[in-house]
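There are 2 protein chains.
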Amino acid sequence: MNSSAAVDTLLEKALAGDIRSIARIISLIENDSPAKDALLKRIYPMTGKAMVIGITGSPGAGKSTLTDKVIEHFRLMGKRVGVIAVDPSSPFSGGAILADRIRMQRHTGDTGVYIRSMGTRGSLGGLSRGTRESVILLDACGYDVIIIETVGVGQSEVDIIKIADTVCLVLVPGMGDDIQIMKAGIMEIANVFAVNKADKPGVDRVAAEIRLMLDLVKERPWVPPVHLTVAENGSGIDELVASLVAHGDFLKNNPDGVRREWRRLSFEVEEILLQHVTRVAERTWNTYKTDKVMETLLSRKSNPYLVAEEILQKIIPGTSEV
Amino acid sequence: MNSSAAVDTLLEKALAGDIRSIARIISLIENDSPAKDALLKRIYPMTGKAMVIGITGSPGAGKSTLTDKVIEHFRLMGKRVGVIAVDPSSPFSGGAILADRIRMQRHTGDTGVYIRSMGTRGSLGGLSRGTRESVILLDACGYDVIIIETVGVGQSEVDIIKIADTVCLVLVPGMGDDIQIMKAGIMEIANVFAVNKADKPGVDRVAAEIRLMLDLVKERPWVPPVHLTVAENGSGIDELVASLVAHGDFLKNNPDGVRREWRRLSFEVEEILLQHVTRVAERTWNTYKTDKVMETLLSRKSNPYLVAEEILQKIIPGTSEV
Chain V
13 MNSSAAVDTL LEKALAGDIR SIARIISLIE NDSPAKDALL KRIYPMTGKA MVIGITGSPG
73 AGKSTLTDKV IEHFRLMGKR VGVIAVDPSS PFSGGAILAD RIRMQRHTGD TGVYIRSMGT
133 RGSLGGLSRG TRESVILLDA CGYDVIIIET VGVGQSEVDI IKIADTVCLV LVPGMGDDIQ
193 IMKAGIMEIA NVFAVNKADK PGVDRVAAEI RLMLDLVKER PWVPPVHLTV AENGSGIDEL
253 VASLVAHGDF LKNNPDGVRR EWRRLSFEVE EILLQHVTRV AERTWNTYKT DKVMETLLSR
313 KSNPYLVAEE ILQKIIPGTS EV
Chain X
13 MNSSAAVDTL LEKALAGDIR SIARIISLIE NDSPAKDALL KRIYPMTGKA MVIGITGSPG
73 AGKSTLTDKV IEHFRLMGKR VGVIAVDPSS PFSGGAILAD RIRMQRHTGD TGVYIRSMGT
133 RGSLGGLSRG TRESVILLDA CGYDVIIIET VGVGQSEVDI IKIADTVCLV LVPGMGDDIQ
193 IMKAGIMEIA NVFAVNKADK PGVDRVAAEI RLMLDLVKER PWVPPVHLTV AENGSGIDEL
253 VASLVAHGDF LKNNPDGVRR EWRRLSFEVE EILLQHVTRV AERTWNTYKT DKVMETLLSR
313 KSNPYLVAEE ILQKIIPGTS EV
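In the order they appear, the protein sequences are chains V and X.
Note that the first sequence covers residues 13 to 334 in my numbering.
Note that the second sequence covers residues 13 to 334 in my numbering.
These are computed hints drawn from the structure, not numbers from a lab.
Check before you lean on any hint, since a few could be wrong.
Heads up, the list lumps identical chains together, so a pair's fine if it works in one copy or across two of them.
Pairs of lysine-lysine residues, derived as PhoX-like cross-links and limited to a Cα-Cα distance of at most 20 Å, are as follows [said to hold, decoys possible]: (1) Lys304 / Lys25; (2) Lys313 / Lys264; (3) Lys174 / Lys91; (4) Lys304 / Lys91; (5) Lys53 / Lys313; (6) Lys326 / Lys212; (7) Lys301 / Lys264; (8) Lys212 / Lys301; (9) Lys25 / Lys313; (10) Lys212 / Lys174.
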């Protein structure tokens, strides 16, 4: 399976649109298979065409239903849509919040839609490298729109800006205080706001509070629009999708977009590089971590700083001032 | 200031109990000053005596007030107490949720208490390496009890287990559903529970739900006790502190404690090692990141995978299969 020829065949099929092959490659990515690096390096030049949209927000904000409606809308426009739904998992039980993933199965049978759930990096943590790598794959495979849906818990909310071109934050009535206190980080990275469940009381207050926060920032080339939506019945989705597309166009024609791309590429090189050196470091430590070494640590004859330095010398001989 | 002799003097004073010198060294740590590594390596052998307690929970659970009362209690027992209060900051505004830090100023003038606020690693993210390093410093400086207070947002909640010996989770009445859905990860790492604001309605329900969750796990050597507290008036704090101390003693006399220490030491070596290789990688990429290289990336003549590989060869020549 992981032989070079087998991976080549798999990739060929995936690029031709075979969904099973795409799924199998994403599994290679998730399992951090040695085969994935060569593959990603090879397909990277085929990327850069897709619109990458992040949809995030608190649990219970109705993101799955909203995403579902956004998919439908893009399908009507003739676009192929890939979705990475990110589930935060417990670091201990391994359980995932599957929410209403079932709802998405509505698209089963439509070969123009591919939906995949992925875990986060550790516990409640950030988006995994695998999320970005899956976007690269889906982009190369010709998906026009790639949606990353994240449950807005912790780091993954903020990491989304490193992957998505356009970030849509989904809020709901009745979370006024949360907006002001807890969501400062995410409020600042959102490009489009959806106040969902807009048929519920309190919708005007949330919308007003978002606008109030946005007013604090003077003069910016893109002012994030605030849309009222009722995902359940599709109300407001047209306007929301129009804003998502408009923000994508804005980035293409604006120095802001180039700067963003510059930052992203620089960040991407750094992340791939760190992935490489981390693997070398972990492999070396695992080889070196004998009972004897651990015993010197437990008995406090040595200490983690000394041991780490010895291993560093094995990896990069001659490194002194680090 | 960063000259070796100046740092030596600073360290000498800190070890003698001078709070200003301790504060200045923590600033060196926070700023990731080159002087800090040698310093930490030197003081590490002096550590291992302190009881390290993590206090975490949702915003508004009354953690600061509770921490305040726990400090008072340990002071009455004649213990010196260090506190690292971790504030999640916005990645963009740089602003911190200072909460009711003011309340802690009550201890100003008591040289047996040192309180310091620190940021998290990025945005809503995990505990920074600096948090652990500050614990090492306070331990070496003779603080008997070190409390890490984290606002329970995202990764920092779960990271706490890597630093603290004993984790106290503070809950409040009226958050029943949250317990079941969102807090799975943190519920599993708590060693002691405090249901604070126990004079509010709903306290029995929260306590019952915690016990229900705990019952799901059969046979464990330490069954986390559930305490009802009213931090405002000090009610229940005696029992809470007794449980914190009891858990510390439990770890000392149990194979579980040794395994935990083994894991922690292994993790610590790995983390220090990764810090080293990450610095080398970042420095190399920054040197190599010329406008010309970025231009080849922006124009898609090269790609991040190829560039990262070239840089890896500069850091660790001959690394092939990574």
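### Message
Could you work out which of the previously given hints the structure breaks and list their numbers from low to high?
### Response
Hints 1, 3, 4, 6, 7, 8, 9 and 10 not satisfied by this model.
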